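Participant: One letter stands for each residue in the lines below.
Protein chains: 4
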Amino acid sequence: MIKRARVAVVGVGNNTSALVQGIAFYRQTGSLAGINRATIDGLGVSDIDFVAAFATSAGKVGRDLTEAIFLPPNNFPRLDCDLPRADVPVTKGLVDAAEVDRVAGALAGAEVLLYSAPSGRTETARAYAEAALRAGVAFINTTSDPVARDPMWIERFQEAGLPLLGDDLASQFGTSVVHNALLRLLKERGLTLVSSYQVNLGGTEDFRNLVENPSTKEQSKLNALSAADKVQVAPLGYLSHLGSQKVAHLNVEAQGWGETAVSLDLKLKVHDPSGAAGVNIDLLRIAASALRNGQGGYPAQATPLFKSPPGTAI
Amino acid sequence: MIKRARVAVVGVGNNTSALVQGIAFYRQTGSLAGINRATIDGLGVSDIDFVAAFATSAGKVGRDLTEAIFLPPNNFPRLDCDLPRADVPVTKGLVDAAEVDRVAGALAGAEVLLYSAPSGRTETARAYAEAALRAGVAFINTTSDPVARDPMWIERFQEAGLPLLGDDLASQFGTSVVHNALLRLLKERGLTLVSSYQVNLGGTEDFRNLVENPSTKEQSKLNALSAADKVQVAPLGYLSHLGSQKVAHLNVEAQGWGETAVSLDLKLKVHDPSGAAGVNIDLLRIAASALRNGQGGYPAQATPLFKSPPGTAI
Amino acid sequence: MIKRARVAVVGVGNNTSALVQGIAFYRQTGSLAGINRATIDGLGVSDIDFVAAFATSAGKVGRDLTEAIFLPPNNFPRLDCDLPRADVPVTKGLVDAAEVDRVAGALAGAEVLLYSAPSGRTETARAYAEAALRAGVAFINTTSDPVARDPMWIERFQEAGLPLLGDDLASQFGTSVVHNALLRLLKERGLTLVSSYQVNLGGTEDFRNLVENPSTKEQSKLNALSAADKVQVAPLGYLSHLGSQKVAHLNVEAQGWGETAVSLDLKLKVHDPSGAAGVNIDLLRIAASALRNGQGGYPAQATPLFKSPPGTAI
Amino acid sequence: MIKRARVAVVGVGNNTSALVQGIAFYRQTGSLAGINRATIDGLGVSDIDFVAAFATSAGKVGRDLTEAIFLPPNNFPRLDCDLPRADVPVTKGLVDAAEVDRVAGALAGAEVLLYSAPSGRTETARAYAEAALRAGVAFINTTSDPVARDPMWIERFQEAGLPLLGDDLASQFGTSVVHNALLRLLKERGLTLVSSYQVNLGGTEDFRNLVENPSTKEQSKLNALSAADKVQVAPLGYLSHLGSQKVAHLNVEAQGWGETAVSLDLKLKVHDPSGAAGVNIDLLRIAASALRNGQGGYPAQATPLFKSPPGTAI
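Chains as they are written, first to last, in full-length UniProt numbering: chain A, 1 to 314; chain B, 1 to 314; chain C, 1 to 314; chain D, 1 to 314.
So here's chain A without its partners, still in its complex pose:
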């Protein structure tokens, strides 16, 4: 019988809620629905044990991980399963670089550190990566802050024989995935794109932050869809009543034979945190497997799961 992977997590937001609850859900129900890979190197989706958790919100620190994930502003729904206590009290997250050793100490016994905090705090992301290095733990950066795509960091992890995965998680099934698939299909079939738009609406705290502090980087990434300025992305809309659901409206106007009109309108509704957890579960197992097999540095298998893997611009 396989030894479960021992995981520490930074950030106790909606994505962590979806991950922690989902693992319990699959363990209890035996369901395989919504899972991309049943096993990775022998590890099933419920072969994960949480051994440490870090958060900055005062309200969450000190609470058991399985309670903290339901505290506001988290609004990912309660899945339909029992959730036994993890007996993992949430620890105060790192505020300055002087605390790296404290964090490294708290990682004793962990195999993988999943960095799942909000994007935009590069120094913090790197401090946790440093702690992972010191503690001999694999590191996964799900934020857009450059860690794994910085050659210096890859080199350090490689030398230490530790896996480093990142940057910027690609959702299992989100607007970009669907929009790109439609645009690609159009092209394959020889149709000519006239115009296309995308509107994204969401109700999580992360979404609200993104709306209020639109990062040029995010925007430019969205715009990367753009084929010769034919694709436009409307501003994100924060609608609290959507909760952890994300709604996207897509439109594609094209021309077929004789320049006759072809039009496509699509509405997509997903739970954003599920899209993250569905990929995190694979990353955790890839990282644990690489660590156990003594493969340091970046595991190639992780590439399709990130928007900015090593080799992309910082």
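If you're looking for bench data, these hints aren't it; they were derived computationally from the structure. There's no promise every hint is true.
Identical chains blur together in the list; that is why a pair holds if it fits in one copy or across any two.
Claimed, not checked - With a cut-off of at most 25 Å between alpha-carbon atoms, the simulated BS3-like pairs for lysine-lysine come out as follows:
| no. | residue 1 | residue 2 |
| --- | --- | --- |
| 1 | K307 | K187 |
| 2 | K269 | K92 |
| 3 | K187 | K3 |
| 4 | K3 | K230 |
| 5 | K307 | K267 |
| 6 | K267 | K187 |
Owing to the predicted nature of the structure, the values given are computational and were not obtained by experimental measurement.
Add chains B, C and D to chain A, keeping to what the hints say.
Facilitator: Quick look at chains B, C and D alone, frame taken from chain A:
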């Protein structure tokens, strides 16, 4: 400069209207919009000359091809271009097998015979194929009647050094193409399909025939989408005011991580005859090129353009 | 405190399931959501007691009403509330007119008989009306079979001092309601309708019957929407996986100032049986109130709740 | 035969383009499509002559009105009709109050002044109203700047025997009209609103201004839809490729009987300037008729055509 392909056509319905008008449109405008392949073996999309046309409707017989394509019940719109007379009077189509020689005679000078009549008259389709054989002309069967997937016919064309293409044209961009792309994407990303439906609405005479005489074959083909009974196809709806437009409503309900709900709703609007003409233009050039290069039998290149190519069940 | 209305029901399908469960739901939760009128003449939505139930399906006869409503082919979902036994065993429904007295006997103690069987059996509907007359009970006909719009029947109930309500229940919120509202809005604002369509998809047994035996009457009623042939109704589509949900796709194409295009696309998703129960709850209270106040014949108040009230064509 | 109304216009943007072209279109085609009222006090929709036009854009000043309406950033499409020269050169618009007399002089011969500039310049709007007063001309304020809802201005026009109409044109058919109709319908039928959202996308210069300088006033007006915080309005999205089209996506989630779910999704596509012109054509005729009948002040008939008629808050 390349010699234009000389084409005869059976059936002067909407699909032929889209083909004839589109060729004139591209010749005049130089546009490349909506075209899958600019050239095939040197032949551009407007390197086609019509040299004969057959129809059964009394009203169309005797009229120039460029007039007949606008007669009712045809309702494909008039494209925005001049349409010079073809000087090809529509000839009375074949009614019984005794007329094969008459048709063969009328094919003098043609390189390709495009069979673009309604599906469901296998004997007629084969009589035209026979005429093509006698006249030394390549044959394209766009209907679901079994010709090219009957090994005996392939053999006869192969021996005669003539290309034979078919059966059952796959539209350039239709409901099946889009529905399949979405279902495939879902699977690739590891989501679990819960249910899906498809409704098709159209306003052409062909569509009305299909609604009134639903062929089991068509239905079973639609049902081929079905992944373990999860996909349902609603009955076709004939709505005259749609004209040559086809509208499809698709819905996909799925589960992501933790069995949370993912839903997709899509509306597609296309001109059905454009979808056919956009593929016919490739088939004509593949057939002419094969003929000119002395390749008899089935050209492998045509396979993705048919729903029932050789090797599929009759 | 008001005396609860004592109700007998004919037909133990989805609509009865929604009605019986909903009454228990509102009694237990105190919720007022989804209710059109909190009270009618003092009667709240949970002031209903079932005292008899008739069905023809062998499987349902003899079972308690609160169990029979969950038997196949019923597929209305289980509402989130406790459902105490009604202690009303389902009685074998009337098969021929000779049984009217048996039914009348079984109505002892009832104030209102709700006829909620499938449409299309006029003789049966009238036999139950006859039984109601003999038992001194108010009668509600929710089917399209002509009872209340037949002047002879109204006269008989009037003379007996008993209320008679019908025919053909108008749903609380269905496709027609929404489609008509949009077409009316268009007209009010001076836009010109170009074309409109409606497609209805459903997954109940009633829906399947309607698809397989399309009644000219139903179709003509749908077509009544038609403003000078501008509105087209596509054939109903039975999609089993929809369960008791109904999905409608509506499209409206119109012209505004300068004949510029205006288009509207709408998707509606409802539980059909809820739409029926939401109106039945008002009819029951109107009928009980009229009976208690000695008002025989047709209560004017019921008119907006039927598609074919007295005065409309038979 | 009726004497055509003589109209001066301030602002030569998309709305004026739609108005000027539409009048020519209806005159030429005799069509009545898209028109709310064929005649008002004998005046048909093409019984309008333009006698003066004011604009601030240097490029437009000096050009004939019928040319200036096609200059950028205007992007309302060219209607399918001839457009004879108006022989009305666009005059430089008023910049400061000292120019009121110049404008009043230019209004000689006009009966109505239509103020159709962008909202947000109250002093300018009032200066034009002053000029109308001095010239003895009726005044229509289509902007949200308070003129007609300021009692002092109504009084001045009343004393002068001149009509004053405003403020803030209500579109003939826009998002608010449709959204309100759906919410009202829900309420009428007794359903309970759970949540609703609205997203508006547009491609005109006006739209871009609104996106870049979101006026609290506009926002609060949109929010006026809000029934107890159940309705949320997403930020406006400027998508240049939409041109003068506006696209809105609406969603309504509600509860019916037993709190079962009801959902509505709607996409609306309109030409915004047509929605304005379709109302302006009525306002012009109401104003001309009132002037000719000697009715000064606010004509009650205009009330439903404005969002902020007299009596609403400033």
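Participant: Can you give me the call for K269 and K92, within, between, both or neither, at a CA distance of at most 25 Å?
Facilitator: Neither: 34 Å inside a copy, 46 Å across copies.
Participant: Have a look at K307 and K187 and pick one of within, between, both or neither, based on CA distance no larger than 25 Å.
Facilitator: For K307 and K187, the Cα distance is within 25 Å both inside one copy (22 Å) and across copies (20 Å).
Participant: Given identical chains, is K187 near K3, meaning Cα to Cα at most 25 Å, within a copy, between copies, both, or neither?
Facilitator: neither (46 Å within a copy, 29 Å between copies)
Participant: At most 25 Å between alpha carbons: which applies to K3 and K230, within, between, both or neither?
Facilitator: neither (50 Å within a copy, 37 Å between copies)
Participant: If the cutoff is 25 Å on CA atoms, where do K267 and K187 land: within, between, both or neither? Let me know, please.
Facilitator: both (21 Å within a copy, 19 Å between copies)
Participant: Within a copy, between copies, both or neither: where do K307 and K267 come within 25 Å Cα-Cα?
Facilitator: Within one copy only: 23 Å inside a chain, 29 Å across chains, cut-off 25 Å.
Hints 2, 3 and 4 from the list above are not met by this structure, while the remaining hints are.
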